[in-house]
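Colleague: Sequence:
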Amino acid sequence: MISLGQKIRELRIRKGLTQQELGAGIVTISMISQIESDKAYPSHKVLEQIAARLETPIEYFVADMQTQMEQSSTYKLARAYLAAKNFDMAIPLFRDLISNPAPHLMVHEVQYDLAEAWLSSGDIEKAVELFEQVLDTVVRKNDDSFALLCLNKLGEARYDQENYPLALYHWHKAYETFSRVKEIDPFTRARIITNLGHAHYKLGEYNDSVRFYREAYNLLRGSTNMRQLADVYLGLGNSYKNLGEYARAIDYCHDALTIYESLQNIRQAIEVKVNFALVEAENGDLAEGIELLHECLAEYRKHELPTDNLRIYSEIARLYIRAGRLQEAEAFCQETLFLLPEHAENLASVYQSLARVKREQGDTDASIQWIKQAIALHEKLGHRSELRTAIEELADLYEQIGDYVLANETLRQLHVVLDSSLRKIGILV
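Under UniProt numbering, read the sequence shown as residues 1 to 429, first letter to last.
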């Protein structure tokens, strides 16, 4: 279907008129240019005058104009639903617009919005496929700015899948694109650089994560985007904690906490306090770390925040075990099992903590039973990293009791899990 602007332009050229001649006495040359490029819609009166000058019945234009206005309204509505996270309403509208493309709408932009809706609603594979399709389109058009957005979203999608090497690949490609884009929103640039810090952190590359977090900090320093700055501070705090630089870790965690509290982001503020507690423990004060973690747990409950997917339970148990307070560790884990709902994702980590308690107490049989429950749940929930750790612990337990046959069988299971994980992230084919 030829757009309204295309029809006007073709008729103008056929009549041998310039844009200035067509618009003389009606609208400015700039407005004629916008109408012909479908960036503006003429009023009925203006369209009537343009049609008369082009010696063409207005009916030739009106039907298409109405259709385009309806499609523009549909697109605005779909984007409004996307912004409101009403994906059930947004996705069908985007799909209809793609199935019935309008000349005045850029199809790749609508596809990008649809992919974003799929990503936000959890349909990651569909989102990835469409983002890659859009990326191919904009690369052919040499549109580096739009390619940058696609690469960032592809990185976010792979990060959500815990495929950190592939997330890092996309974000590094985006980072390399900076030099080819004349104007980049500084917050977009900072977000991509922060994401690079997150990915390096997840891969245990803490010096690299610090480097990118600091680069993001330099971009955000003095800005009004406090939430993004707080994320960078927290990333620096976590990275320095793992590098053993506890004084720096505490300083950055404190800065992050101050911002989150000022933004009234209660959940994030508590999570920063959890990091404070872990830093204290790593610095040698296990008792202080345990006490602080219990305070954080109490705050989660006070504010009625969900805790069934948090690491705090396993961290408290881990510190009890490190402190040699095994009875308290066991009592805490048993209480947690009673309080958590059956569908809680972190039940597996509590089972694993109980297995470690029993192992320290010398009850190997009980330890094996608990670790088997942890393995079954990790496998069901797709916790690849935790599953590998649990299987390794089970193999160690079998070796401890001298059952080398079961130990070897368990290690073979570990090999299958590793192979599957590598295939999932594209390292093996």
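Just so you know, the hints here were simulated from the structure itself, not pulled from any lab data.
Backbone N, C-alpha and C define an ideal beta-carbon position, used for all residues, glycine too.
Please note that the accuracy of each hint is not assured.
To be verified - In silico lysine-lysine, DSBU-like type, Cα no more than 30 Å apart, as pairs:
(1) LYS76 <-> LYS202
(2) LYS126 <-> LYS85
(3) LYS85 <-> LYS45
To be verified - Pairwise CB distance ranges, derived in the manner of DEER restraints:
(4) GLN400 <-> ASN218: 31 to 39 Å
(5) SER120 <-> ASN218: 24 to 32 Å
(6) ARG95 <-> LEU406: 23 to 31 Å
(7) ALA40 <-> LEU17: 30 to 38 Å
(8) MET31 <-> LEU203: 51 to 59 Å
(9) HIS254 <-> SER73: 33 to 41 Å
(10) MET89 <-> ILE58: 52 to 60 Å
(11) HIS254 <-> HIS415: 43 to 51 Å
(12) SER120 <-> GLU299: 23 to 31 Å
(13) HIS254 <-> ALA376: 38 to 46 Å
(14) ASN218 <-> THR56: 56 to 64 Å
(15) ILE266 <-> HIS44: 51 to 59 Å
Colleague: All hints, please: hold or fail.
Modeller: Right, here's what the structure says about each hint:
no.: 1; hint: LYS76 <-> LYS202; verdict: 38 Å, violated
no.: 2; hint: LYS126 <-> LYS85; verdict: 17 Å, holds
no.: 3; hint: LYS85 <-> LYS45; verdict: 39 Å, violated
no.: 4; hint: GLN400 <-> ASN218: 31 to 39 Å; verdict: 51 Å, violated
no.: 5; hint: SER120 <-> ASN218: 24 to 32 Å; verdict: 30 Å, holds
no.: 6; hint: ARG95 <-> LEU406: 23 to 31 Å; verdict: 52 Å, violated
no.: 7; hint: ALA40 <-> LEU17: 30 to 38 Å; verdict: 19 Å, violated
no.: 8; hint: MET31 <-> LEU203: 51 to 59 Å; verdict: 54 Å, holds
no.: 9; hint: HIS254 <-> SER73: 33 to 41 Å; verdict: 49 Å, violated
no.: 10; hint: MET89 <-> ILE58: 52 to 60 Å; verdict: 35 Å, violated
no.: 11; hint: HIS254 <-> HIS415: 43 to 51 Å; verdict: 44 Å, holds
no.: 12; hint: SER120 <-> GLU299: 23 to 31 Å; verdict: 28 Å, holds
no.: 13; hint: HIS254 <-> ALA376: 38 to 46 Å; verdict: 41 Å, holds
no.: 14; hint: ASN218 <-> THR56: 56 to 64 Å; verdict: 58 Å, holds
no.: 15; hint: ILE266 <-> HIS44: 51 to 59 Å; verdict: 54 Å, holds
Hints 1, 3, 4, 6, 7, 9 and 10 from the earlier list are contradicted by this structure; the remaining hints agree with it.
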